[in-house]
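**Student:** Listed below, chain by chain, are the residues.
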Amino acid sequence: MIGLSSYLVLAALVFSIGLFGVLTRRNAVGILLGIELMLNAVNINLVAFARFHGDLTGLIFTLFTIAITVVEVAVGLAIVIAIFRVRRTVDADRLDLLRG
Amino acid sequence: MDLSLLLPLLVPAMPFAAFLILAIVPPIRRTGRGAGALSIAAIAVSFVAAVIVWHSGFVGERTWGWIPADGGPIATVGVMVDPISNAMLVLVTLVSLLVQIYSLAYLSDERPGALGRYYTYQSLFVFSMLGLVLAPGFLQMFVFWELVGLCSYLLIGFWYDRPAAARAAVKAFWITKLGDLGFIIGIVLLWSATGTFEFSELFERAEANTLAVPGLAVIMFLIYLGAVGKSAQFPLHVWLPDAMEGPTPVSALIHAATMVTAGVFLVTRAEPLFALVPEVMAVIAWVGAFTALLAATMACVEGDIKRVLAYSTVSQLGYMMAAAGAGATPAGFLHLLTHGLFKALLFLAAGAVIHAVGTNDMFRMGGLFRAMPHTAIVFLIGTLALAGVPPLAGFYSKEAVLGGVWEAHLTGPFLMLALTALLTAFYMFRAVFLTFFGRAHAGGHPHEAPWLMRGPLWLLAVLTVVAGIRLALSGAEAHEATPGWLPPFSVGLALLGFVLALAMYQRGVIDPARVARALAPLDYLARRRYGLDALYAGLYRGLILGFARVIGWIDRYFVDGILNALTALTLRAGDSLRHIQTGRAQDYVYGVAFGVLLLFVWAQLWRR
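If you're matching them up, the sequences are chains A and B in order.
No gaps in the numbering here: position 62 of the first sequence is 61 in numbering that gives the first Met the number 0, and each next residue is one more.
No gaps in the numbering here: position 49 of the second sequence is 48 in numbering that gives the first Met the number 0, and each next residue is one more.
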């Protein structure tokens, strides 16, 4: 029998990988992928708690999260494409218009 | 409200109404002569009311609360009529009325707008002076005191496009303000010690000997300072001769007959309070006598006829103050009234002369008796009154002053005043001889002034004589306290002065230049006004401007320096801190992640 803590460790691992991706990837698409991973780590948490507490709320919440994630990716990719059209690059290091 | 209070209220209300109309309705003001007629009509009504008040001898007080506070009003406004204020009411309205009529002719060359402005100021002045005279408390008195100061400033600077007049106006304003500073400090100190501004209450407590105020001498001295400034006492007398830059009728009304006597009036009014502090009284007497002598010496070397009269005014104000300081307040007040009459007369006559010959310089006049006999005769009457020749008004009041000072055992002031009496006769007859007698100087055709100017002159001359005769008839028993040798003594002094002037400026027996050489140091000092003007100018330039320069340096380099350093520091810090903002989204995410990590650590370590 796999316990709750195993799921939580998995979720933490996935979240950390996602965070690592967000921090280290230079490609904007890669950063979006990292964010996706972090969101899915949260989903794992929600589903695990729903399962072990016998409460459906977590599952319903997860459905909402998945829907919102899809929308977020759509908007995010649209922004990336728009930036690419203007700057001919999606390298995050070179998108520093707000530098002080 | 009964008549005895309605009439005293009407007296200042009429000029105030005239002032309001002239100030608010420019079309009426711009008519010039129309504005003058309105102002004269108002003051005529005031004069009639004042005469009725004086003749009926109304006495009373009516006040309204002012400045509300928790424990009842702090101060009151209203009218207080008693013999002193009644006499002043008549003097002020009479001289104002005559001066305003005289001005119609004297200022006939002015543009209508300027003439309207002149009458607006005149009406405001009369209102202010009457309000001062009727004041039932120190606070109202101070308010009107400042108002007459303002009017004096406005009227000295009536010809404001003349630099000398503008300077004189500012000088008069500032120097009198110096005294007023002491006045208001004194009033406030007195109020904080006694809790009241009201004369009646203060006098009652003074008479009942329950006015035990610590430092009353200092308070009364400060109040006296106001009188020093306004009544041109040494060392604040320097503004009055310069004030002669204004039109001559203004000099007659404000700087001879009425406003400058406000200081004497103040001391007379507050006499019960001053009587409690003999040391201040002594100061008043000594300063008054010294002022009288100092101004008289300066009048002896002056060549400008109006300035001679101005110094003479300063000198006579010193007389009044000396009498007040010697405790002979009634004598000083009597001299105030008689002096108001004949000094207004002298000034208006001098104005007629200036109007005719177009110069103020007496050495360029001469032989005018034939050209303008009316003016010459009234000027002579005024001179005789000022010199103290019986039976004219000046003789009795001057003798009363001398007697009062003698009775108070003030030998020093008495001697100074006696010498002043001699000098007064001398410089006045000097003016008469230089102006009306002797060799006529070429240039222009001097002519007698129009009747609009001669009428007031004759009226004042007649009043001077009548007042003297009335005093002669009624004063016999009033002055029996004075020593018997005094009247011959003072007449002798006047005669001696007359003879000296006759010998020097008419007969040519004594050469004035040789006398000047014999008294060289005195002559030198008097011609330079004893260096007081230079001293003040030097003080102003050296002390005040130097101080301002130091303050300016501190402001520019110290205060501004701190601010400049602060701004430079902020700029520098911002410049170096802005590199934190890289503009890369990932760096911000680093920040957030690191912050969250720190929060975890904090929660683990310190939240236990």
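Note that these hints are calculated values from the structure, not bench results.
We treat Cβ as the ideally placed atom computed from N, Cα and C, and that holds for glycine.
A few of these clues could be false.
Under 8 Å between C-beta atoms, here's a sample of chain A residues computed to sit facing chain B [unchecked claim]:
(1) 18
(2) 90
(3) 97
**Student:** Run through the hints listed earlier and report the numbers of any the structure violates, in increasing order.
**Tutor:** 2
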